[in-house]
Amino acid sequence: MSIALGAAAGMTAVGALLLGRKAATISKIGKGHPLKHRVLDAAAGAMQAKYPLDAMSTYLNGFHMYADDMGRQVEATHFCIHLEHDLHQCVIFDRNAPDARLIGIEYIISEERFRSLPEDEKRLWHSHHYEVKSGSLVAPGIPDLAEHAYFEDLVTTYGKTFHTWQYDRDDFPYGIPQLMMGFTEDGQASDAMVQARDERLGISTPGKRHSRADIPTPEVVPGANVWETGRTVQTRIEETDFKR
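For the sequence shown, position 120 matches number 120 in UniProt numbering, and the numbering has no gaps at all.
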C-alpha cells in the first residue's frame, strides 16, 4: 500500500471512529471532493460548536412564489428560531436532506410589529393567514395538537423572504436575491406541486385545512401582499458610483 493510500485509509478510519454516523452522512455528499476534505468536513460537523444552527429548532415546509411572477412557484423548507417574542428568523433550503441547496432566508414578525413598519417596508412582506388556514404550510413530524397550537400563533404573522438561488431555473446560484411572496387564496398554488410534496412527506394538505378550521382567520393589515394590487416590487441590479 502506498503512503498516500495508507494516509487516506487512516483518515477514513479515524473519521469513522470519531464521528460514527456523522462521517457516514458527510461521505454521501460533496461528490467529487478529495477524501481528506470530506473527512475534515465530517470532523468539523461533529466537533465544532455551531450555536446558531443548533438553535434552529423548528422545521417548516411550504411554498413561495416570486413577487413579480405567480407562475414561478417553488417548495421551501424552513429551519427557524424564535429569536424574540415577535421575531423569527429562518434559513431556507430546497428540501430536507444532507445535500440540500441553501436557497434563501425569511424573517417572520408579529402583526403588531408589522403595523409599525413604514409603508415602503410593508410592501416587502406577505401575510401567513392563507398558508396556515389552507394547510399548505406544515411542520412535518410534529404531533397534530402541537402543530395546531403553533399555527394558532403563526396565522397572524407576516414574512419577508428573499431567495438567493433561483433553483427553478438554474443549477447554480446565479443573479441577485429575489423577493418572494406567499399565496393568499385557493387556485393560486399548483395542485401538482402540493400533491407531490404531500406524497413525499406523507401528509395531507386537505386534512391539515380541515383540522385548522377552528383557527380564526385574521384580517390582513393593509400594505402586505402588495402584488394583489396589480403592482409589485422586485430586486434589480443598478450600477452606481462607488463612494470613497
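For the record, the hints were derived by calculation from the structure and aren't laboratory data. If you're wondering where the values come from, they're calculated on a predicted model, not measured in any experiment. There could be a bad hint or two in this list.
Claimed, not checked - Subject to a maximum C-alpha distance of 25 Å in a straight line, what follows is the list of computed BS3-like cross-link-like pairs (lysine-lysine): (1) Lys160 <-> Lys122; (2) Lys160 <-> Lys133; (3) Lys133 <-> Lys122; (4) Lys36 <-> Lys50.
Said to hold, decoys possible - Distance ranges between label pairs, derived from CB positions: (5) Pro98 <-> Phe172: 18 to 24 Å; (6) Arg209 <-> Glu112: 51 to 57 Å; (7) Pro218 <-> Pro98: 16 to 22 Å; (8) Gln48 <-> Ala196: 34 to 40 Å; (9) Pro143 <-> Gly45: 45 to 51 Å; (10) Arg244 <-> Arg101: 35 to 41 Å.
Here a beta-carbon is modelled for each residue, glycine too, at the ideal position from N, C-alpha and C.
- Message: Of the numbered hints stated earlier in the document, which are not met by this structure?
- Response: 6, 7 and 9
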